[in-house]
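Participant: The primary structure of each chain is shown beneath.
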Amino acid sequence: MIETVLFWVCAILGIAGGIGLVINRNPVYAALSLILNFFSIAGLYLSLRAEFLAVIQVLVYAGAIMVLFLFVIMLLNLSDEPKREKTFDIARGAAFILGFAFIIEMLIIFRNATPKELPEDFSFGKTEMIGKLLMTDYVFPFEVISVVLIAALLGAVVVAKKYDYK
Amino acid sequence: MSELLTPNLFLYLAVGAVMFTIGTVGVLTRRNAIVVFMCVELMLNAVNLTLVTFSRYMSPESGNAADGSMFVFFVMCVAAAEAVVGLAIIISLFRNKADIDINQFNIFKW
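Note that the protein sequences, when read in sequence, are chains U and F. Each residue of the first sequence is one higher than the one before, starting from 60 at the first, in my numbering. Each residue of the second sequence is one higher than the one before, starting from 22 at the first, in my numbering.
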């Protein structure tokens, strides 16, 4: 029962957050809508019983990454996106039609997905399990990801640095 | 009635698909580079949700049930790295033209 309520509340809020991201002209409002969406996805992870990922979602996405986005938006002091001259141009129409076709196609494909019957107490996504996997089966990707993160860090400094060409 | 409302595999996948499509339409229609970038984050999150759903409903009982969670964990790390580099690029673009409208940037256009 509680799972059902959690799922529907989070699903509706998540989709509303996504739509808010796309339709808001002010980038700060768009970023706040995206934060709503991230919290809803954390709730969906909870209803899927992936507690670790729910916590990481709130900490890393809603916390760290979105603060970074808001920081940059406010640093650049952006104005609202201006209205288009034409309300409906061909690129926009094509985007909406393709998006609609895509979603219909996805729903038809997912209609045929059959879930496995799992026991009620099936352990899934527990923090203990993830910690063990991280140090055994996934130890190589775990090391590689640290290299990726340090490369991103150095790359960001190099790209955003101000150079004086004289 | 409550049988119909109970979350199942299809409903979770449908939510993921709807979020992904909203992100795609946002990438194609918006012109503010930061908003386009946030739409990409939305698409990444939709795919993460799909991965966790498949892991929850379709993983074999004998195998590692947390494989989907591991994938999502690594996708999140890559997304964080991507966000950092992307925002650095946006800052250096802003420094050149004092604008981040993506239609302004066609310096690579031949």
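Any given hint could turn out to be false.
Claimed, not checked - Lysine to any residue pairs mimicking SDA-like chemistry, simulated, CA-CA at most 20 Å apart:
hint	chain 1	residue 1	chain 2	residue 2
1	U	Lys220	F	Phe115
2	U	Lys191	F	Phe95
3	U	Lys221	U	Ile115
4	U	Lys175	F	Asn29
5	U	Lys220	F	Arg116
6	U	Lys142	U	Ala219
7	U	Lys185	F	Lys118
8	U	Lys221	F	Lys130
9	U	Lys185	U	Val81
10	U	Lys145	F	Arg52
11	U	Lys220	U	Ala153
12	F	Lys118	F	Val57
13	F	Lys130	F	Cys98
14	U	Lys142	F	Gln125
Stated by the list, open to error - One-sided and incomplete, this derived list gives chain F residues near chain U with beta-carbon spacing under 8 Å:
hint	residue
15	Arg52
16	Ile123
17	Phe126
Hints are computed from structural coordinates only; laboratory data are not their basis. For every residue, glycine included, the Cβ atom is placed at its ideal position computed from N, Cα and C.
Participant: Work down the list of hints and note, for each, if the structure agrees.
Facilitator: Checked hints:
At roughly 12 Å between alpha-carbon atoms, Lys220 of chain U and Phe115 of chain F fall within 20 Å of each other, so this suggested pair holds. The hinted pair formed by Lys191 of chain U and Phe95 of chain F meets the criterion: a straight-line CA distance of about 15 Å does not exceed 20 Å. With a C-alpha separation of about 33 Å, the suggested pair Lys221 of chain U and Ile115 of chain U falls outside the 20 Å cut-off, and the hint is violated. The suggested pairing of Lys175 of chain U with Asn29 of chain F holds, with an alpha-carbon distance near 11 Å, which does not exceed 20 Å.
Pair hint Lys220 of chain U plus Arg116 of chain F holds up; C-alpha atoms about 10 Å apart against a cutoff of 20 Å. At roughly 30 Å between alpha-carbon atoms, Lys142 of chain U and Ala219 of chain U are farther apart than 20 Å, so this suggested pair is violated. A distance of roughly 48 Å separates the Cα atoms of Lys185 of chain U and Lys118 of chain F; the hinted pair therefore is violated under the 20 Å criterion. With a C-alpha separation of about 25 Å, the suggested pairing of Lys221 of chain U with Lys130 of chain F is violated against the 20 Å cut-off.
The suggested pairing of Lys185 of chain U with Val81 of chain U is violated, with an alpha-carbon distance near 34 Å, which exceeds 20 Å. The hinted pair formed by Lys145 of chain U and Arg52 of chain F meets the criterion: a straight-line CA distance of about 14 Å does not exceed 20 Å. About 38 Å separates the Cα atoms of Lys220 of chain U and Ala153 of chain U, which puts this hinted pair outside 20 Å; it is violated. For the hint pairing Lys118 of chain F with Val57 of chain F, the CA-to-CA distance comes to about 18 Å; that is within 20 Å, so the pair holds.
A C-alpha spacing of about 32 Å is found between Lys130 of chain F and Cys98 of chain F, which places the hinted pair above 20 Å, so the restraint is violated. A C-alpha spacing of about 16 Å is found between Lys142 of chain U and Gln125 of chain F, which places the hinted pair at or below 20 Å, so the restraint holds. At its closest, the beta carbon of Arg52 of chain F sits 6 Å from a beta carbon of chain U; the interface hint therefore holds under the 8 Å criterion. Violation of the interface hint for Ile123 of chain F is found here, the shortest Cβ-Cβ separation to chain U being roughly 11 Å, above the 8 Å cut-off.
Proximity of Phe126 of chain F to chain U is violated relative to the hint, the smallest CB-CB distance being about 15 Å (cut-off 8 Å).
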